[in-house]
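Asks: Sequence:
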Amino acid sequence: MKIVLLALPHCAAASVHGILDIFTTANYCHARLSGAAGKRSLEPFFNINVVTQNDQPVTAYNGMAIAPNAAFEEVEPDLIIVASAIEAITAGAALPQHLAQFRQAYTWLQAHARRGAVIASACTGSFVLAEAGLLEGKTVTTHWRAAEHFRQRYPEIRLDIDRLLIDSGDIICAGGATAYIDLSFHLIERFAGQGLASAVSKLHLFDSKRQQQTPYITFYGYKSHKDDAVKKAQEWMESHYAEHFSVDDVAALAGLGGRTFKRRFKEATGENPINYLQQLRVEAVKHQLETTLKSSNEIIWEVGYEDISSFRRLFKRATGCTMEQYRKRFSYVTPAITSYSFNS
Numbered sequence: 001m002k003i004v005l006l007a008l009p010h011c012a013a014a015s016v017h018g019i020l021d022i023f024t025t026a027n028y029c030h031a032r033l034s035g036a037a038g039k040r041s042l043e044p045f046f047n048i049n050v051v052t053q054n055d056q057p058v059t060a061y062n063g064m065a066i067a068p069n070a071a072f073e074e075v076e077p078d079l080i081i082v083a084s085a086i087e088a089i090t091a092g093a094a095l096p097q098h099l100a101q102f103r104q105a106y107t108w109l110q111a112h113a114r115r116g117a118v119i120a121s122a123c124t125g126s127f128v129l130a131e132a133g134l135l136e137g138k139t140v141t142t143h144w145r146a147a148e149h150f151r152q153r154y155p156e157i158r159l160d161i162d163r164l165l166i167d168s169g170d171i172i173c174a175g176g177a178t179a180y181i182d183l184s185f186h187l188i189e190r191f192a193g194q195g196l197a198s199a200v201s202k203l204h205l206f207d208s209k210r211q212q213q214t215p216y217i218t219f220y221g222y223k224s225h226k227d228d229a230v231k232k233a234q235e236w237m238e239s240h241y242a243e244h245f246s247v248d249d250v251a252a253l254a255g256l257g258g259r260t261f262k263r264r265f266k267e268a269t270g271e272n273p274i275n276y277l278q279q280l281r282v283e284a285v286k287h288q289l290e291t292t293l294k295s296s297n298e299i300i301w302e303v304g305y306e307d308i309s310s311f312r313r314l315f316k317r318a319t320g321c322t323m324e325q326y327r328k329r330f331s332y333v334t335p336a337i338t339s340y341s342f343n344s
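Under full-length UniProt numbering, the residue at position 90 of the sequence shown is numbered 90, and the numbers go up by one with no gaps.
Think of the hints as simulated: they come from the structure by calculation, not from any bench.
Note that the structure is a prediction, hence the values are computed from the model and not measured.
Positions of the beta carbon are idealized from the N, C-alpha and C atoms, including for glycine.
Check the hints yourself; a few may be wrong.
Between beta-carbon pairs, the in silico distance windows are [claimed, not checked]:
#, residue 1, residue 2, range
1, 33, 224, 47 to 57 Å
2, 259, 78, 53 to 63 Å
3, 333, 226, 33 to 43 Å
4, 114, 307, 52 to 62 Å
5, 221, 54, 32 to 42 Å
6, 248, 198, 52 to 62 Å
7, 198, 136, 26 to 36 Å
8, 49, 116, 12 to 22 Å
9, 137, 47, 23 to 33 Å
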């Protein structure tokens, strides 16, 4: 099977080298399972090459040079994997200019899509697929930190940020900085079978049960808009989320009527005010679970909730896990040892 890995300037080096390592391991495991280990005559199951837009080395986001080992216009891949586009998170207002550099790559991707190649993206590589016009009618995912940029730039594309990987047949997207690992194993299983994928996962000590980005998502509140009244309301809510107030109270503070405030808040942030407040409270609880040893109920009360059961349901819906599971997974505080007992 012919695979081409497209590396563009400022891509994530790990998503290039990591994918290469995993597929190289897959070839090793395939040879062993085929009883042909050490026999040079056996063709590797996956023939994987790296290409760049102009056949010249590119500088990755970490400053390392990534050199192509095949000619951009000469490859005929069955599968193309687009590496992470870190600028989708870091470029901000300069993102359109950054993406405009890759028009040759977009044309190239379109041509290979027409001839039937499967095209996959790692993390924010989905922006490259979107720019190439390959995501029309698809449900896709990307890195959660780039979700608002994606929605703003491609409002017509359905984005499911909770899911770690979405396979639509001819298009496959994986979200998250290390989701190139999940993507690689998914591709090995899809094109070579579960047996080979299992063998490779054992060598890499990889647990293939990850399905969601949800537990990792941090809510920041979208403020890259120009509605100052809404921004004022956001900032007030972020400082007073534990207090009891109504949407009309916040609307009055913003100098707007209730209905106008709700409409403008939704237009500016993508959320209604109630959901926004709930996410602020969930984020505050997550921080407390990570950094304190307070009981779950105590934390819930501190963020302004009196209905313990209701908030627990909200938390699980927002993060995909219970408060106890979240603390076990992400807490970096350990109980202090308060006394010692020695037997003489």
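Asks: Tell me the hint numbers this structure goes against, listed in increasing order.
Replies: Every hint satisfied by this model.
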